[in-house]
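J.: Sequence:
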Amino acid sequence: MTSVQNNGVKAPKAKSSQGSQTGIYKVDSIKDIADSLNITISDNVASQLASDVEYRINQVIEEAARFMRHGRRTTMTTADIEQALRVLNIEPLYGHSPYNPTTFRRALPFPQMPSVGPVYFVEDEEIDFDRVLREEKIALPKGVSWTAHWLAVEGVQPLIPENPPAIPRDTDADKSELAKINGHTNGVLTNGAGNLPLPGTAALNATGKKGPSLQPNQQQSQQLVKQVLSRELQLYYARLTSSLLPPSSDMTKRSAALASLRHDAGLQALLPYLVRWVGEGVVGALKEGTQSENEGKVLDVLMDVISAILENSTLFVEPYLHQILPPTLSILLHSSLPSSHAAQLRTSAAQTLSKLLTQHSTTYPSLSPRIMKTLLLALISTGKSFGTREGAIRGLISVGKEAVRKGLVEGGGAKVVGSECASGGRSASGLVKSVMEALEVLKPQGYDMSYPLNPANPADIETLDKLHETLGPFFAARVQDDAAWSREILGETMSS
1 MTSVQNNGVK APKAKSSQGS QTGIYKVDSI KDIADSLNIT ISDNVASQLA SDVEYRINQV
61 IEEAARFMRH GRRTTMTTAD IEQALRVLNI EPLYGHSPYN PTTFRRALPF PQMPSVGPVY
121 FVEDEEIDFD RVLREEKIAL PKGVSWTAHW LAVEGVQPLI PENPPAIPRD TDADKSELAK
181 INGHTNGVLT NGAGNLPLPG TAALNATGKK GPSLQPNQQQ SQQLVKQVLS RELQLYYARL
241 TSSLLPPSSD MTKRSAALAS LRHDAGLQAL LPYLVRWVGE GVVGALKEGT QSENEGKVLD
301 VLMDVISAIL ENSTLFVEPY LHQILPPTLS ILLHSSLPSS HAAQLRTSAA QTLSKLLTQH
361 STTYPSLSPR IMKTLLLALI STGKSFGTRE GAIRGLISVG KEAVRKGLVE GGGAKVVGSE
421 CASGGRSASG LVKSVMEALE VLKPQGYDMS YPLNPANPAD IETLDKLHET LGPFFAARVQ
481 DDAAWSREIL GETMSS
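Residue numbers (full-length UniProt numbering): 1 to 496.
Take these hints with a grain of salt, some might be off.
Below, computed lysine to any residue pairings styled on SDA-like, alpha-carbon distance capped at 20 Å [as the list claims (entries may be wrong)]:
no., residue 1, residue 2
1, Lys384, Gly472
2, Lys287, Gln323
3, Lys373, Thr358
No lab work stands behind these hints, which were simulated from the structure alone. Please read all numbers here as calculations on a predicted model, not as lab measurements.
Just need the whole structure built from these sequences, with the hints factored in.
T.: Laid out in C-alpha cells, this is it:
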C-alpha cells in the first residue's frame, strides 16, 4: 500500500536505477563506442546520445519506408536505406548491395555472462579452393579500344570482318536485260579483240570458244573483282573497245575514245580490264608468223591506248606496270612487224617506254636496270633478227644517253650490229639508220665546225684505233670524220 502523508497528499515513488534506459538503443553501446575512441563520458551524456541515435534511426527508417511503399514492396532493402540517407543529406553506407544482402547470424549465449543478451554477427563465407578451381573461368570482355582498317582501297571495299559484306549488284534478270540492250550474248561484253565477262558467267576468248575451267580459288578471286565493276563501267567498256577495235575509217570516234581515256576520271576500277584487253590484243596480233596490214593497225591502236592510260593523271598505274611492260616490249622487240607499220610501231613503243620510265623510275629504282638488261640481251645476243636489234636500239635511245653508251659502246652492240650490217645489204638500212641516230645522242653540243681525225697525228691515230676496236670498222668509218664526236663516243677529254 502506498503511504499517505498527514495532509492527504500521495508521496512520489523513488526513481529506480534503471529509469535512464528509456529506449531500445542501450547506453552501454554508447559507452563502448566512446571507450574505443578513448573518450570518457558520464551516464547522463551517454543516455542523451542514445536517445538521439534512436531518434535518427527512426527518422531514417521512416524515410526508407516511404521508398519501400513507393516501390510497391513489403521488404525494406539496403537501397531504400541508401535513398533515405541521401534525402536526409547524410553520406550513404558503402559496401552493402540489395543484390547481395548481408546475412547476420545469432551467436550462442555465453554461460559466463547470462546478462549480455543475444549477439549477432556477420558470418564470413568459407571458400572451397577445389570447387573454385573446378569451376569454369569466366573471361572478362575486352575493353573499348580503337583500331584502324581500310574502308576502301582504290575505290574497292576490302572483304574484312570490319566492313559489311559485299552485296551482288546484278541478278540474272538484270544481266539478260543488259545483254538485250547492248546486243551481247552469253553474258559477255565482246568486241573485235577482247572481252569482259560479267559476274557469274564464263569467259570467252577472242575466237568465241570457252576458255579453260578455273579452280575454285581462282573463281572466287575473279568473282570478287567482277562484283566491283558497275553496269555503267561495263557499258563504257563495251562502247570504248568497240570504238577502237576493229580498226575502222571512223577516226572521229576513235579519237574521242582515246581522248576519254586520257582525261576522264573514275576509270580506276576499269583499269585492270583495259590492261588485260591490251595484252590479249597484242598477243593475238603477234602470234601469227606474218602480220597483215590490219594487224599493224590493231597494234597501232593498242599502243595509243597504253599511251593514253599513262597520260591520265587520275589513274593509279603502278600496280599494273608488270602487265603493261610485256606488250610494250613485245611490239618493240618483235622480229617481224608489218613492213608498213614497223618503224612507226617501234618508235611509238620506244616513246611509251620512255614515258613509263620517266614517271615511275624514281618509285621503282630497279625498273631501268631490268629494262636495260632486256634490251642488251636483244641487241648483242646471237641469232636475233634485224627488227629485234633495231627495236632494242630505239629502246636504248628512249632510256637515255648513258643507256646508249653502255649498250652500243661499252657493251659492244655497235660492233655486233656492224658486222651483220656489212653483209646485210639494203635490208639492213633501217638498222644502220637506228644505230646512227643512237650515236647522234652522244654527239657533243656547241661545236659548229667539225674536223676529221688526222692519221698523221699520233693522238688521232690512237683515238682511231680505239674507235675501230670499240665500234668496229663499219661504224668507225662513219664517225671518224668528226674528231670531237669520236672522242665523245669513247669518253675521252677533248684537247684544245
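J.: Against each hint, give a clear statement of whether it holds in the structure.
T.: Going through the hints against the structure:
1. A C-alpha spacing of about 19 Å is found between Lys384 and Gly472, which places the hinted pair at or below 20 Å, so the restraint holds.
2. Among the hinted pairs, Lys287 with Gln323 is consistent with the structure: their alpha-carbon atoms are about 18 Å apart, no more than 20 Å.
3. Distance restraint check for Lys373 and Thr358: the Cα-Cα separation of roughly 18 Å lies within the 20 Å cut-off, and the hinted pair is therefore satisfied.
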